[in-house]
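Number of protein chains: 2
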Amino acid sequence: MHPSSADAAASGNPFTGSDARTHVDGGFALEEVALANRNSGIPLEALRYDVTPPGLHYLLSHFDIPEVDPAGWRLSLGGCVQSELSLSLAELLQYPSRTLRVTLECAGNGRAGMIPRYPSMPWINEAVSTAEWTGTPLRHLLDLARPTSWATEVAFLGLDRGFDRGVEHQYGRSLELAQARAGDVLLAHSMNGEPLLPQHGHPCRLIVPGWYGMASVKWLSRIDVLDRPFDGFQQAVGYRYRSQEDDPGVPVTTMRVRSLMVPPGVPDWYTRRRLVQAGSVVLRGRAWAGAGVPIEAVEVSVDGEWRAATLAAQTMHRYAWRGWTFPWPATVGEHRLQCRARAADGTVQPMAPEWNTAGMGNNAVQTVQVTVR
Amino acid sequence: MHPSSADAAASGNPFTGSDARTHVDGGFALEEVALANRNSGIPLEALRYDVTPPGLHYLLSHFDIPEVDPAGWRLSLGGCVQSELSLSLAELLQYPSRTLRVTLECAGNGRAGMIPRYPSMPWINEAVSTAEWTGTPLRHLLDLARPTSWATEVAFLGLDRGFDRGVEHQYGRSLELAQARAGDVLLAHSMNGEPLLPQHGHPCRLIVPGWYGMASVKWLSRIDVLDRPFDGFQQAVGYRYRSQEDDPGVPVTTMRVRSLMVPPGVPDWYTRRRLVQAGSVVLRGRAWAGAGVPIEAVEVSVDGEWRAATLAAQTMHRYAWRGWTFPWPATVGEHRLQCRARAADGTVQPMAPEWNTAGMGNNAVQTVQVTVR
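First to last, the protein sequences are chains A and B.
As numbered in my numbering, residues 1 to 373 make up the first sequence, in order.
As numbered in my numbering, residues 1 to 373 make up the second sequence, in order.
A portion of the hints provided could be inaccurate.
Distance windows between CB atoms, simulated [to be verified]:
{"no.": "1", "chain 1": "A", "residue 1": "Thr331", "chain 2": "B", "residue 2": "Asp247", "range": "35 to 45 Å"}
{"no.": "2", "chain 1": "B", "residue 1": "Gln94", "chain 2": "A", "residue 2": "Ala71", "range": "34 to 44 Å"}
{"no.": "3", "chain 1": "B", "residue 1": "Gln277", "chain 2": "A", "residue 2": "Thr148", "range": "30 to 40 Å"}
{"no.": "4", "chain 1": "B", "residue 1": "Gly193", "chain 2": "A", "residue 2": "Asp246", "range": "53 to 63 Å"}
{"no.": "5", "chain 1": "A", "residue 1": "Thr331", "chain 2": "B", "residue 2": "Arg228", "range": "49 to 59 Å"}
{"no.": "6", "chain 1": "A", "residue 1": "Val348", "chain 2": "B", "residue 2": "Glu84", "range": "53 to 63 Å"}
{"no.": "7", "chain 1": "A", "residue 1": "Pro329", "chain 2": "B", "residue 2": "Gly292", "range": "29 to 39 Å"}
{"no.": "8", "chain 1": "A", "residue 1": "Gly72", "chain 2": "B", "residue 2": "Pro116", "range": "41 to 51 Å"}
{"no.": "9", "chain 1": "A", "residue 1": "Leu144", "chain 2": "B", "residue 2": "Gln314", "range": "43 to 53 Å"}
Bear in mind the hints are in silico, worked out from the structure with no lab data behind them.
The C-beta atom is built at its ideal place from N, Cα and C for all residues, glycine as well.
This is chain A alone, in the form it adopts within the complex:
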């Protein structure tokens, strides 16, 4: 039902072996550009919004956006449970719901900066956004279904389907039962106070605060409580940190500490180089870390000299990015601006990415080159 890579590779489907991607260093392929055209990053100036406006939230869809008739949609919850559930959208909406402000980042954000590069969605910096998600806490439904004593994991299956590296599958991911029961995982039906847009998982998606976006399964259709590790492609093969192809690797889970700045001044259309007027400039940006860990500090470097930025007041939104500002007396000439966040767990952004085969979790310091006149 959830074929592993080996199972599906043996099944003789026509795309087996058709996607033997090798790492590259240099120009980007048309396939990478096609992915960049259909997926969407946040324009970095939109980091100015506490909550990202509709249509500017980053978007990564593995397969096609499914067309879901909300009247016919049902969410089933089965497997190792004492009481299976099957809910219509109207039934789901009757459960108590919560709203959480959550910063989501794609695990592949920064992939284009890991050299040699894995050919996939070539994010540079822009796969991060923040929204207000409203939905039923997952634990309510798990409490109703009563997992058996053998239950160890919970798998979430979306309605989106396709191939990856020769393996046909529905998009699916799992959480350990304890994580799934944590209070903050939502079955979200609304984003920023409106029903989910088709591209954000309409009519219902998972939101796993503090984790990279791959955990927040869109177009949710089935929840399976399992007594063994979920072997779906996106769990067993897709999202892992591997140092080389035959390394079993470790799973990609929560977001790594990271910060970004709004590039100051005005851009050149093609190069996006920035021109800034000399004088007082306030640099602004956002910082976030995974698993609800607070940001403790942000530093800004002008031409290599690091100084503390001012963090915005701590809010109630523990899963949302934190704003920061840095007053900069900009002097005429070329300057290199950088920012670096430190989380309360002591993690700090590295100056260079930690390379892994699929280009995951790149939280290296951003550099913005500016000309001041």
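Keeping the supplied structure of chain A fixed, place chain B upon it in accordance with the hints.
Structure of chain B alone, referenced to chain A:
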């Protein structure tokens, strides 16, 4: 005030000559990928919607999305008029408004398919969408301002600003006075019944139905009635069909006839190759032409054999794309699917693009390669 290329190149700004782009054939540059990441195409499966949902409408912003306080925003209308205007948003909203369903396409759509390629936003097929725009007809304001007898053109200036090929400018475009007075040009304040989103020109933008998107200036701030041709960069330099660099070229204006299909079946994540189940498949897509010219026919080719598709009923929306369907008895094997539209003015999509230096107006036939099993 609106520097021409030559003026600005002579002004010694720091980006002069920093963007000497040359045509390439092969891998894409990081700059092209950065543009693809920050701009957004429509995922082709979303061609199924008559009106593109918010956030799936294609998006091309030359410079940064400006932050506009609607309370402080004013639209000025001046130049060769007998009565200058300066309107607040509240004042503009008091004028009668119209709603038009309009298909917009970026003039650079298909640029990546013109070889050798001009390095810029590397659209393949996905820079086209349809929305319902509500606003005040431009002619109402022109009637109030009463252009003088010397008036020949109307220029529209946005609040977005930056550099292109060394020239610093506000984004601006013009229309001839007669075009500007045509009933269907709108000063739009709403999209799909909601106030404009920041990225779509909030609080007010121009909508020029039937034209490529560059005419529909976003974040509108000033309208200048002129007695001579507008010499702004995007008019005089940016959007022209040129056969070689020193060709003065001709202006890019209305959209060329074009059709696209929703790729059938399910995709491979990286290559986007399609797998289709054998049997009855209904191919679907959209077709459109510029200047409100109706679509007269769409044909579909399976492996080179062309047959007529069925057009959806003609609607009142003369500026919107038209749906089409084509029943296809899909047989096991590899197949090449194509679609081709003909407009009522006799224009037909070419099989290969008509090359021009900046990669504009590529309306060549789309090809979708599928595997049927």
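Quick rundown of the hints versus the structure:
1. For the pair Thr331/A and Asp247/B, the supplied restraint of 35 to 45 Å holds, since their beta-carbon distance comes to about 43 Å.
2. Taken as a hint, the range 34 to 44 Å holds for the pair Gln94/B and Ala71/A, whose Cβ atoms sit roughly 40 Å apart.
3. A C-beta distance of roughly 37 Å is found between Gln277/B and Thr148/A, which places it inside the suggested range of 30 to 40 Å.
4. Range check, Gly193/B to Asp246/A: Cβ separation about 54 Å, and the 53 to 63 Å hint holds.
5. At about 41 Å, the CB distance of Thr331/A to Arg228/B disagrees with the hint of 49 to 59 Å.
6. Separated by about 57 Å at the C-beta atoms, Val348/A and Glu84/B satisfy the suggested range of 53 to 63 Å.
7. Between Pro329/A and Gly292/B the CB atoms are about 54 Å apart, so this pair departs from the stated range of 29 to 39 Å.
8. Evaluation of the 41 to 51 Å hint for Gly72/A and Pro116/B yields a pass: the beta carbon distance comes to about 49 Å.
9. Checked against the hint of 43 to 53 Å, the pair Leu144/A and Gln314/B passes, with Cβ atoms roughly 51 Å apart.
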